[in-house]
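Asker: Protein chains in written order, with full-length UniProt numbering: chain U, 1 to 296; chain A, 1 to 317.
There could be a bad hint or two in this list.
Dumping the calculated SDA-like pairs for lysine to any residue here, alpha-carbon to alpha-carbon at most 20 Å [stated by the list, open to error]: (1) U:120 x A:32; (2) A:284 x U:118; (3) U:120 x A:135; (4) U:120 x A:34; (5) U:230 x U:151; (6) A:32 x U:119; (7) U:230 x A:191; (8) U:69 x A:158; (9) A:32 x U:237; (10) A:32 x U:125; (11) A:284 x U:252; (12) A:284 x U:120; (13) U:230 x A:158; (14) U:120 x A:37.
Think of the hints as simulated: they come from the structure by calculation, not from any bench.
In this text the structure is predicted, and so the values were computed from the model without any measurement.
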Amino acid sequence: MASTETSTRTLIASARLNRPGSRRTYWAIVIVTVVVFSFVFLGPLYWMVTGGLKSGPEIAQIPPTLFPKHHELSNYSDAWAQLSLGRLILNTLYYAAGALAFQLVLGIGAAFAFSKLRPKLGNAVLGLMLATLMIPSTVLIIPQYVTVIDLPIFHWNMLDSPWAIWLPAVTNAFNIFLLKRFFDSIPTDLLDAAAIDGAGPLRQLWSIILPMSRPIIGVVSIFSVTAVWKDFLWPLLVEPSPTNRTVNVGLYAFSQGITQNVLVAGAVIAAIPTIVFFLIFQRNIMSGLTTGSLKG
Amino acid sequence: MAATTAVPTTPAPGRRVGSANIPRRRGGLRRKVFDNLTGYLFMLGAVLCFAFFSWYPMVREFIMSFQRTRRGVTTWVGWDNYIRVWHDPAFVTAWKNTAYFSILALVFGYALPFFIAVLLNELRHAQGYLRALVYLPVMLPPASALFLFAYAYQPDNSGIFNFILHSLHLPTSQWVQSTAMTMPSLVIASTWMNMGGAILIYLAALQNIPGELYEASELDGARLLRRIWHVTIPQTRLILSLMFLLQVVATMQLFIEPLILAGGDGVEDHATSIVYLMYQHAFKEQDLNGAAALGVMLLIVLVGFSAVYTRLSPRED
């Protein structure tokens, strides 16, 4: 990664850094930065993992021990059992997967209509969707909750069902906007050529647009999975049963009745799936984050 | 960076993108109606979701805030809900706390990510590692990260923060259990958890600054700080201004930090936030209408702030 940066000129010219005196200062700064950042960002994780290994008396000990004296691995198994973490993680995965599927299918369909099919009122509808970006999400949580317990017209109570997370997840105007803007950049000629060969809109979407849109679909997928994984207030309201809780809500809800060391161990286990996810998709996550925000 | 090349936003010159002016299919009225219907069909699912879970709730919030539902009977009550939440003893405190959190978060968390981004952008080594590092906390489930802070904030000297302060011969703190330190404690946790996103966005913005500008200003004899002031900041002005808005709006929705670190209201209500008050009204006092009135107030404050801010802030010509 470092090599790609040297080509562009930043605040300090590379040539200047190559002078012997500056070079030493530069390396000193690199080392200090790496050490300080590792301490600030990995230190807490170390503290969390070792905290989960400590015994009850040791975790409350003054002063705290920097290295746990005994490794009580049983804390981790206790946390797994007492917080039913397996269940929580599976629930969250299930919600995230469903939200992702709905967001991709319905979002891509809408973006395709806005970008290529362009029905008469398309732009007006898109405008109404984008207008929701002005409204911060938590502000509408009460009427949304009321809607979910009794869906107008259908009188369907979605409380405690995954639908209460899946369907509202689709109302992410930013993701639809990202998809639409990407589709805009695909030449319409390609679709016209396919249309002459007799391909209908669905076929055009499937065989031309989707294969060309992999990068943006990756970005949107990561956004939608992380959003479900990190959400707290909404799942707290709409999935009240202990068996339906997400990781975040479960940790919070079960935290009252258990000891500190087991709770910390639970927090570690709950963090593992996201850390693994991050390590696997690190590049996509980092580049995706800047894709939408800058070129808008 | 891969990020900036991922989306080809500018169309090739001379070619029209989008089908607006290109008659794709010739045909009669029937054909047109059919094409339009296909278009609507493709957006139907998303439109229904927006209608039920976004547009309708927006209207419903205002309606609910002027109604009262008791034992299944709904009546119009005018401003009663607003007056009732206004007289809630925690109302003023909650606004004060939320604004205080928001301001503190700006003081600690607004400039810091920018300067970290400037620093990281100058480093020719370990950049990938450092970027991953700062973004790691953003990926953690917030509850996980906050329980970690709850553990680190233990008020006697068994907490790691107090241990470090004590070893450095600095005064220790009661953290969330002292009224003065409640909000700063929440801000520290929140900044640690959320800073990575802003850093990466700033980094991408910094990489878009043309190198010639730095060269020119260096030739003019501008030293490091002057180059930051006269090149870096003006060149990233738009993104800086946008991030300011986003941060204010995000921090005004404070909820999970006080809930997990301070049990929701904290010592003597020093942690109660607006969203927490809304949650209390709705689910502890079964007063959804009062909660909706609070929601309307927060909505007006935040949308009003965004509108005024965008009107006043500098634009690109």
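Asker: Are the hints correct? Go through all of them and say.
Answerer: Going down the list of hints, with the structure as the test:
Between residue 120 of chain U and residue 32 of chain A the CA atoms are separated by roughly 10 Å; this keeps the pair inside 20 Å, and the hint holds. Proximity of residue 284 of chain A to residue 118 of chain U is assessed by CA-CA distance (about 47 Å); at most 20 Å being required, the pair is judged violated. Straight-line distance between C-alpha atoms of residue 120 of chain U and residue 135 of chain A comes to about 43 Å, which puts the hinted pair past the 20 Å bound. For the proposed pair residue 120 of chain U and residue 34 of chain A, the alpha carbon gap of about 12 Å is at most 20 Å, so the pair holds.
With a C-alpha separation of about 25 Å, the suggested pairing of residue 230 of chain U with residue 151 of chain U is violated against the 20 Å cut-off. Proposed proximity of residue 32 of chain A and residue 119 of chain U is supported: the alpha carbons are some 9 Å apart, at most 20 Å. Among the hinted pairs, residue 230 of chain U with residue 191 of chain A is consistent with the structure: their alpha-carbon atoms are about 16 Å apart, no more than 20 Å. Proximity of residue 69 of chain U to residue 158 of chain A is assessed by CA-CA distance (about 15 Å); at most 20 Å being required, the pair is judged to hold.
Under the criterion of a C-alpha separation no larger than 20 Å, the hint pairing residue 32 of chain A with residue 237 of chain U is inconsistent with the structure, at around 45 Å. Taken as a hint, the residue 32 of chain A and residue 125 of chain U pair is honoured in the structure, with Cα atoms around 19 Å apart against an allowance of 20 Å. Restraint check: the Cα-Cα separation between residue 284 of chain A and residue 252 of chain U comes to about 17 Å, which is no more than 20 Å; the hinted pair holds. Distance restraint check for residue 284 of chain A and residue 120 of chain U: the Cα-Cα separation of roughly 47 Å exceeds the 20 Å cut-off, and the hinted pair is therefore not satisfied.
Our distance criterion of 20 Å between C-alpha atoms is broken by residue 230 of chain U and residue 158 of chain A, whose separation comes to about 29 Å. The straight-line distance between the Cα atoms of residue 120 of chain U and residue 37 of chain A is roughly 10 Å, inside the 20 Å bound, and the hint therefore holds.
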